[in-house]
Amino acid sequence: MAISFDKALGVHQQALLLRQQRSELLASNIANADTPGYKARDIDFRQALAGTAISTLALSRSNAAHLTGGSGAISGSGAAEVKYRQPHQPSLDGNTVESHVEQAAFADNSLRYQATLDFLGSRFSGLKSVLQGGQ
Amino acid sequence: MANPLDIAAAAMNAQMLRLNTTASNLANADTVASSEEAAYRARQTVFATVLDGQRNATGVAVSGITESQAPIPKRYEPGHPLADDAGYVYGSNVNSVEEMANMLSASRSFQNNAEVFSTVKTLTLRALQLGKQ
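If you're matching them up, the sequences are chains A and B in order. When the letters of the first sequence are read in order and numbered with the working numbering, they come out as residues 317 to 451. When the letters of the second sequence are read in order and numbered with the working numbering, they come out as residues 154 to 286.
It is worth saying that the hints were derived from the structure and are not from the lab. The C-beta atom is built at its ideal place from N, Cα and C for all residues, glycine as well. Treat each hint with caution, since some may be false.
Stated by the list, open to error - As a list, the in silico DSBU-like pairs of lysine-lysine whose alpha-carbon atoms are at most 30 Å apart:
id : chain 1 : residue 1 : chain 2 : residue 2
1  : B       : LYS285    : A       : LYS323
2  : A       : LYS444    : B       : LYS274
3  : A       : LYS444    : B       : LYS227
4  : B       : LYS274    : B       : LYS285
5  : A       : LYS355    : A       : LYS444
6  : A       : LYS323    : A       : LYS355
7  : B       : LYS274    : A       : LYS355
8  : A       : LYS399    : B       : LYS274
What the hints assert, rightly or not - Computed list of chain A residues with no C-beta within reach of chain B, every gap over 10 Å:
id : residue
9  : LYS323
10 : VAL327
11 : ALA349
12 : LEU365
13 : ARG401
14 : HIS404
15 : VAL446
Bound-form chain B, shown alone (with noise of 0.2 Å):
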């Protein structure tokens, strides 16, 4: 039987991957390589529902990382180390405002999720305690 707990749980873990990729895609914002194949490009999460063959009610979960197909940057830089022949080093294609909001919605869903979990937990307790007042 699917537990509104679980559901919750399922929830929050995909969040939270969610919020780490855009971690991460932050820290390496600035991020420079010596190749376009190279270079950093910004991760994004994928949601899929997970379905329950016999209830109706259903997970989520991560079912894949994808990467940001936007063009890379490349910046005329000779005096950098990671400079290739031409001279140009490749950045990242982060975009900081996106990764922000993204950052935010996770957090938001994270808490409603969390909310979600203390309350049931609540009525579960409250259910426990049925007939012994």
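If we strip away everything but chain A, and leave its shape as in the complex, we get (with noise of 0.2 Å):
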């Protein structure tokens, strides 16, 4: 039996790439912070992933002609639906960029990043020690 990577690292291959992407968007909102008329953009983390996991669940068959669907299909494009941010309060040249909003954010997806990169670690690691049989 073929050890599936797929299988093993779950969902967190997709997370930390979408983590990757909402840190580039929070990057450039923060990077526009004084650029007139640069409305800020950020992803709905939760619908983005859902968009893109791995479908767990198995669809039921009644028909040997049905489709298996279900484990380890992933689905979605990859890229997430970027969405403008709903300002504050919104400054007269039209920048809709608060910087301690895009700072919070900033700070929340890099501590999430990491997350997911010890989730990932310890997947690894736990694959090794089956490699090796727990020595």
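Please assemble the complex out of the two chains, which come individually in their own frames, going by the hints.
Structure below.
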């Protein structure tokens, strides 16, 4: 039986990609904090992950011709839908970046990125331990 | 692929240019000239978003530098070596208070982007360590 990395790593590899994509967006928001007319953008992480995650539910099949679907199939294109942020206090020049909001979102995203890295790391060490027979 | 490090670096470049213009404005706040055309006018950077065709991430760049159209103050100083025939010298239209505010804003933005840069660097280093522990 082959080892499936997709199954072993679970949702974390998609999560890591999305975190990376989100950090790019937040970095560009912070970079454009002084650009007139710039609209701050972000992705809805939960929705984006649901769109790309490995579906764990198996389809019930009542006929041999039905598709198996389910386990291990990665759906979605991997690109999250980007949305515009609703500003609390938009500025006169049309810029909707609020530095403190973006800072907080960036810090939150970084923390969760590290957490995802830790999860992935422990999956890897689990795989290693299995390959070495627990020695 | 647009990299958060590139984005932060582009933003730091742009803010640095803004800081330079502010320094130049403050340095020339008391410059005088012998005609209205030759007088120093306060300079302002104009920021524009750099769009990346494939990805959504964007950087920032300085798209131009404008000169302030505020009126040039003229003073009657007949003894001044730069005075014109009527005895007037023309000062600069730099507003020191505006420039100081601009300077603070630029330096805060620079700090924000430097922070982003160092965070992304740490995260990338950690990603490189993946699976090694």
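Would the pair A/LYS355 and A/LYS444 pass a check requiring their Cα atoms to be no farther apart than 30 Å? violated, 46 Å
Within 30 Å, alpha carbon to alpha carbon, are B/LYS274 and B/LYS285? Holds - the C-alpha atoms of B/LYS285 and B/LYS274 are around 18 Å apart, at most 30 Å.
According to the definition I'm using, a residue is off the interface if its beta carbon is farther than 10 Å from all beta carbons of the partner; does A/ARG401 meet that for chain B? At about 13 Å from chain B, A/ARG401 clears the 10 Å cut-off, so the statement holds.
Check the hint pairing A/LYS323 with A/LYS355 against an upper bound of 30 Å on the C-alpha distance. Violated: A/LYS323 and A/LYS355 sit about 38 Å apart, past 30 Å.
Verify the proposed pairing of A/LYS444 with B/LYS227, using a straight-line Cα cut of 30 Å. violated, 79 Å
A cut-off of 10 Å on Cβ-Cβ distance, and A/VAL327 was said to be off the interface with chain B. Does that hold? Non-interface label on A/VAL327 holds, nearest chain B Cβ at 16 Å vs cutoff 10 Å.
Taking C-beta pairs only, is A/LYS323 more than 10 Å away from all of chain B? The claim holds: A/LYS323 sits with its nearest Cβ about 17 Å from chain B, beyond 10 Å.
Please verify whether A/LYS444 and B/LYS274 have alpha carbons no more than 30 Å apart. holds, 27 Å
Holds or violated: B/LYS274 to A/LYS355, with C-alpha atoms at most 30 Å apart: holds, 26 Å
Does A/ALA349 sit more than 10 Å from chain B, CB to CB? Since the minimum Cβ distance to chain B is about 6 Å, A/ALA349 lies within 10 Å and the statement is violated.
Beyond 10 Å from every chain B Cβ - status for A/VAL446: holds, 14 Å
Is the Cα-Cα distance between A/LYS399 and B/LYS274 30 Å or less? With Cα atoms ~26 Å apart, A/LYS399 and B/LYS274 stay inside 30 Å; holds.
Of the numbered hints stated above, those contradicted by the structure are hints 3, 5, 6, 11, listed in ascending order.
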